[in-house]
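S.K.: The primary structure of each chain is shown beneath.
There are 2 protein chains.
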Amino acid sequence: MGKERSEKEKVGGGEHNKRNMFVSCVVMNSCAAELKLVLTALLVLCSIATLFQILPSRFAISASDLRFCISRITTTTTTTTTTTISPLNSTTTTTTTIAPLNSTTTTIPLTPSPPSAQKDQVADNGVIKRVFNPYGSAAYNFITMGAYRGGHNTFAIIGLASKPLLLYSTPTYQCEWVPESSSASNSTFSTVSYRILPDWGYGRVYTVVVVNCTFSEAVNGENSGGKLFLEASTSGGGDKNLNITDRFEVLNESPGDLNMSLFSSKPKYDYLYCGSPLYGGLSPQRVREWIAYHVRLFGERSHFVIHDAGGVHEEVLEVLKPWMELGYVTLQDVKEQERFDGYYHNQFMVVNDCLHRYKFMAKWMFFFDVDEYIYLPPKNTIKSVLDSLSGYTQFTFEQMPMSSKLCLSADYGRYYRKWGIEKLVYRDVKRGIRRDRKYAIQPRNVFATGVHMSQNFAGKTTYKTEGKIKYFHYHGTIAQRREPCRNLLNVTEINFENVPYVLDTTMRDLAWSVKKFELKTIGPKLQNTRQ
Amino acid sequence: MGKERSEKEKVGGGEHNKRNMFVSCVVMNSCAAELKLVLTALLVLCSIATLFQILPSRFAISASDLRFCISRITTTTTTTTTTTISPLNSTTTTTTTIAPLNSTTTTIPLTPSPPSAQKDQVADNGVIKRVFNPYGSAAYNFITMGAYRGGHNTFAIIGLASKPLLLYSTPTYQCEWVPESSSASNSTFSTVSYRILPDWGYGRVYTVVVVNCTFSEAVNGENSGGKLFLEASTSGGGDKNLNITDRFEVLNESPGDLNMSLFSSKPKYDYLYCGSPLYGGLSPQRVREWIAYHVRLFGERSHFVIHDAGGVHEEVLEVLKPWMELGYVTLQDVKEQERFDGYYHNQFMVVNDCLHRYKFMAKWMFFFDVDEYIYLPPKNTIKSVLDSLSGYTQFTFEQMPMSSKLCLSADYGRYYRKWGIEKLVYRDVKRGIRRDRKYAIQPRNVFATGVHMSQNFAGKTTYKTEGKIKYFHYHGTIAQRREPCRNLLNVTEINFENVPYVLDTTMRDLAWSVKKFELKTIGPKLQNTRQ
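Residue numbers (our numbering), protein chains in the order written: chain A, 1 to 531; chain B, 1 to 531.
FYI, nobody ran anything at the bench for these hints, they're computed from the structure. These numbers were taken from a predicted model, which means no experiment stands behind them. All C-beta atoms in this analysis are idealised placements derived from N, C-alpha and C, irrespective of residue type, glycine included. Treat the hints loosely; a few may be bogus.
Cβ pair distances, simulated, as ranges [to be verified]:
no.	chain 1	residue 1	chain 2	residue 2	range
1	A	V122	B	M260	21 to 29 Å
2	B	K405	A	K464	53 to 61 Å
3	B	N445	A	D124	33 to 41 Å
4	B	V499	A	Y194	40 to 48 Å
5	B	L376	A	V122	33 to 41 Å
6	B	E336	A	D124	16 to 24 Å
7	A	G432	B	Q455	39 to 47 Å
8	A	F496	B	E398	50 to 58 Å
Build the full structure now, drawing on both the sequences and the hints.
M.R.: Below, the structure is given as structure tokens:
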């Protein structure tokens, strides 16, 4: 990668340890499934061994090349596999050892023979022909998160791809549709297939890819079922001699399952929230306030998709549960993506998955964070605002940054019982700073999205939303488990740590009605939630 | 949450992420424990083998994961291989197709069946557990170029590794020595193993690694033969769940082959030239001039190692041949490294291979290019200069930049018969420009090297070589097949294209004696060489 990037720890952004994630996968499997996997893995390896007896030895598979075969097996078992492959007729031994990062090691020998590593050769004219022997694998070609139909003949596949592959090579992607019944018709290939890289050049080992595949005519038009395959070609990225195409199933439509009317019907929801992955030690009380506030704001025809990258611990799940039971919240557990080193919990992949997964289920989609509160000035409703913006595919709105520690002296002795939006009442009014904006889209016109805006959509965008909609941002409060109030003030203006603040009780004034709404809707069950 | 972090570009290279939490389990285990485990596992494997006929086979190795197996097959054959893998009894098909980038395709089917991709699952509490399915491989873990002994108990392995692996993870490297005769003694592991990244943060898909392995005592001390293996561990780089160790042979010492006296004897050569990889349409005449000039300069106890990355075409080979036949030149064909996308024809790998390959064969090693001419001012000889610098492991020397197109009017009508150093006589004297320097080292004290200097050596370095040694640089002449003279001048100073030049006939004055030396040494066979 031409440019190395160093990441700064986000201030107050939580003490999440990214490295802890790899523990999760192993724990999930039941013992029975594990045993079966181990046994079947051995079967496969033996089958391969048998196969090798038949193949001429110079076509044999290198042990190091089997790494990935084994890696898949190891992922789903708690034992460690060491593979020793002895040569049939060469003097070279090559071994791949795969150790899950948190367990002890056992060793299982294998049989297939690797080829001898190639050796340097001296030509007749004295020239030394040097050879370069490659081993193992350092990154997957493609990792799928989701694949979604976008209409009668078009699909989107969301995943990660190797970043240097995309930076230095031109991998290509194509879709193939295979009908369920082989008698029906032959498989067809997409005529237009392009990739979108929505993450602004971020990414580390992996970067986010949205593949858009369009076929020349409707696929599965008879609703008889079929499968979508993605073909991902490296175009010589890791080895200029080879164009390697991995072909794999990404979507399976069972006969009768497809409802084409979905794409033209009125969506189920008016407003859908797509959250970035949550991680770290989140405050249950802050999350409780946030969800109650926004369910009240967006109303009955709204839905919230929360993505858990490790932040939704037991206490946070408790405050979400009542809203999940009422159908307001869907929780997506995306912890598994932590295996793959991308940008910031792979947030660009997660929001794009959300976009395409719920594309036809909502008229408007909002993208903002759980320390941010949408605010509509008096005389506006969410409907009136969005109706006035319905000519735009996308609009963005401005930020009101709030202090995460300045509170009112008047609340002294009672602030620990008050809500965050109630007690944090000082607004940062420093000028000349470009502040992030947040945005909403009409998803049917959008092909890929980002964190602060979409850059891939049909239609118009507007930034002129002042006086209609904005958001209050309580940065540094969400991953804070102790009381946020640090300084109690009784002034309307103050310069604190070189930043000018003014008293702003806009949100404080709404807290009472949000509390009332929560009590009315889900009862008192969350009254004893802790910070 | 979800706020994008501001990322700063790092200046320079070699800095890495600090993921030191991953520790290779494999390294920790004693050999005895391992052996026990191997045997136990073997027993288990054999017992289970008999049951395999009965077991269902829906868990099998993913075809895409076999990609690398197949890629190796393709690499070692000249035919093109497309591999189609059909499922045994599952509904999912996964296929890997490998097409060499420049030939037509034939098809060879393989048999192992892929597993179904994992599917998302909805838990009892309504949480959707998302899965991420990885496929294929985008980069090798390690690619070897050479492995060399550096003494009775130490080795250097030179190769390429995946760049994001090194940038975002902390892959580890260890060596294992396995004696030829299994009765002799057990294999031993290196006690100190460290990696040097000599390429200043350059690199693309791959970056250069020099692994230095030192054992606690002499290996192969009895000269009974043995093999060196490198164990390269990913430490979770491409998949945080897995620490994958590829183990492969890098060096093979046959019984009786080792000559330990090599490391303490007087080297065969006084001066050895290590060239960067040559590529492009080089001018045979320029190369002819360069080699004649430097053989004369460095004398009988010198040797030149030329690396061909595609630049040594038939006509260039012709002008090198006479010197190869006299033993002055070794030509290394390194074209195969072009398969692996690194920095500038992987030049940092090539010079490090040269360093370690010839470490004990020369007292001094020089690193400069074939458009550069070493110059010693009058009253200096190469011996007197290097003797005066013998207290230094490394010295660098300054550049005299020469115009690649300004010639003398006096040469009008005859310049196409004159040599480059003879007719290109205007020196760039622009001030305030930092110009590259070139360098020489005493290789026995050097662990890794670069293009403009080494940063990994024992001992001292000096830059104070003015008046002793410098080099004339004819930039832009070497890959130029037509006549370089474009402007004929009869002045001693000129401003040309905003650059001041002065007449400098230092090299011109030497041309006659170089021509005479060439004729005397190899005869007239190169007299008709073309530009």
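S.K.: Of all the hints numbered above, which does this structure not satisfy? Sort the numbers upward.
M.R.: none
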